[in-house]
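Starting from the structure of chain A, add chain B where the hints point.
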Amino acid sequence: MDRIIDLGKYIEIGINALEKNFSFLWSAIDDSISWTVDQMNELLLSIPFVLFLGIVTFMAYYAKTGNKLFTREGVKKGIGLALFVVSGLFLIYAMGYWEEAIYTTTLVLVSTFIALILGIPFGILSARNKTADMIIRPILDFMQTMPAFVYLIPAIFFFSVGNTPGIIATVIFSLPPAVRLTSLGIKNVQSDVIEAGRAFGATENQILYKIQLPLAMPTILTGVNQVILLSLSMVVIASMVGAKGLGSIVYQGIQQNDIAKGFESGLGIVILAIILDRITQSIANKK
Amino acid sequence: MTESNERKIKLEVKDLTLIFGKRKKEALAMLEKGASKEAILKKTKCTVGINKASFEVYEGEVFVVMGLSGSGKSTLIRCLNRLNEPTAGQVFFKDHDITREGNKELLNTRRYEMSMVFQSFGLLPHKTILENAAFGLELRGEPKEEREKKAMTALETVGLKGYEEQYPSAMSGGMQQRVGLARALANDSEVLLMDEAFSALDPLIKSDMQDELLQIQSKLKKTIVFITHDLDEAIKLGDRIVIMKDGIIEQIGTAEEILTNPASEYVEAFTEKVDRKTIITAETLMFTKPLLLQLKKDGPMQAIRKMRTASLNVLPVEDENRLFMGYVWLQDVLKLADAKESHLDKALKTEVPSVYKDYTVEEMLPLISNHNYPLAVVDRDNGKLLGLVTQTSLIIEATRFGDEEVKELIEIANDI
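Just so you know, the sequences run in chain order A and B.
Count the first sequence with the working numbering and you get residues 1 to 287, in order.
Count the second sequence with the working numbering and you get residues 1001 to 1416, in order.
The set of hints was computed from the structure by calculation and includes no laboratory data.
Heads up, the beta-carbon is just placed ideally off N, CA and C, and yes, glycines get one too.
A couple of the hints might just be wrong.
What the hints assert, rightly or not - Label-pair ranges, simulated between beta-carbon atoms:
(1) B:E1156 / A:S191: 28 to 34 angstroms
(2) A:A132 / B:A1269: 47 to 53 angstroms
(3) A:A132 / B:E1156: 41 to 47 angstroms
(4) B:E1156 / A:S87: 50 to 56 angstroms
(5) A:S191 / B:L1220: 25 to 31 angstroms
The following block holds chain A by itself, in its conformation from the complex:
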């Protein structure tokens, strides 16, 4: 069939133009992301495994129990997660994937950070402004339904291969829940509390920072949790453009038809996912 509209072509022309005209921007982004990832990898890897294990276990335990740290009730609540963290991380270490697990963690944390820095302000904007909401909503739908692989093409185009295109694709894929849940959390703040604030002379900023954001925090934290999980689910795809970590081992397993490798690295991702999920969820539920 003859093509009537060559939409893809126009997009290509547009992206080409963007690449050429803003190359300084892309290289700046690439440099700063690569630098951050390298520094963080170096830092995390410099921590001895046992110490790292202790820190993460304590973080998980503390997130779960809060200030009832060493009471009977606290132990009952947090011991399960603590044991899981210890055995899970030890398993990854014992399988020989510790370095890859660190790379993956860094990838997830950096993309989550970027997704939140972008997502939360847009969420606030869409909660407070109807026009902005009407524009942002379809864009989010687009981002979520577009197959994640498609993001790899422009990501490679702008940033060639490596961690940066992986992170950029991951950010695009995991950004929507940060925006949506921030917006939802703010919209769900009861109007009577806001009215009370207004009656006592709160400015719009005071309403946002003293009423809406604190009350929306549990929902926003659920958004953070979702962003982290979506980022983790992107690690294999990100590895296709050269992002290092457990994802690339899975990718190797697929290419070499190596069941052992695929299973081990896949399990590693699952363990990381569960730990990160439980920690963030406990924080979100505490409020």
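For chain B alone, coordinates are given in the frame of chain A:
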């Protein structure tokens, strides 16, 4: 009431109108021409929330706005601090018009001049009781130490000392509303706007809170605009009451004025279920300038003549300074006349109850139970006789029976 004319006006609302909808101007023009609410709705799809409300609120009074849901009372109170933007009209406060205030002035009015208490409390669940009570001050930007000190005092006033570190979710509705009240008091503004503040509470707690508010009010003397749908509450709290219906003010007056002289059928229907015994006072029931005898001037013969012409068998007596002395009965006066006495002294019965003009029916009823003469209403300050309250009128007021029925009842009672 003559005394209220001398009181200082705190808030003056003039022709306040609020129209909901998009074609406000058109609707307002129709309203000016006297079109009905229905006609305006049909033509412009605009709802008239408040229709030219005018009233004054005096300094230090509890001014109750009362009406059923949809009467526009909550909308009205929100126009005072412009949580709802009035379409037309003025709200004068301290010699300027609140409806014309710019953003900054309005913010200051809300922060310093008017504090609000809400039906749904509107507390912040993530802040402690103390932080909630200090919230208005926090918005003003007062330093932490200072605002917490003020908030503590306010919490003590509402009886919540010791709960500062709790969170609202741990408290009952009544206690949460105390926090709401403390938050308003902590701001120390002169005007309190209370929107159905006690409507969400259990009857017992509600009554407690009303008592507490009255007690606080007797100390602090704020100017309070109180919204309610409960006439009993309005009567209990209100120095004056406004009754609203469909955005229109039906009547303004004291509880007694509204009960005794309802301005419309709507108001009358409203007041039917109210326990009038506790509201109607001697002043309303008494007939003034009663026929009476002067102890020095009138002798027995004069007394008999007066009683016969009025066909009464008992008359009140006052002295030359017009102080109320007591009553004389016909049979006693006749005896004096037989004995050719020239003074009424011996017939005078001074052991009779008398009341002040603010006595309620409920308070007067026990006083007539053993007697069959009218109650004398005397001036609290100078002891002068102001008027008489007859048994018949008291019983009519108490029972809401008709005139004839009561007379019959009294006759039957007297026969027994």
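So, going through the hints one by one against the coordinates:
no.	hint	in the structure
1	B:E1156 / A:S191: 28 to 34 angstroms	holds, 31 angstroms
2	A:A132 / B:A1269: 47 to 53 angstroms	holds, 50 angstroms
3	A:A132 / B:E1156: 41 to 47 angstroms	holds, 46 angstroms
4	B:E1156 / A:S87: 50 to 56 angstroms	holds, 55 angstroms
5	A:S191 / B:L1220: 25 to 31 angstroms	holds, 30 angstroms
In terms of the numbered hints stated before, the structure departs from none.
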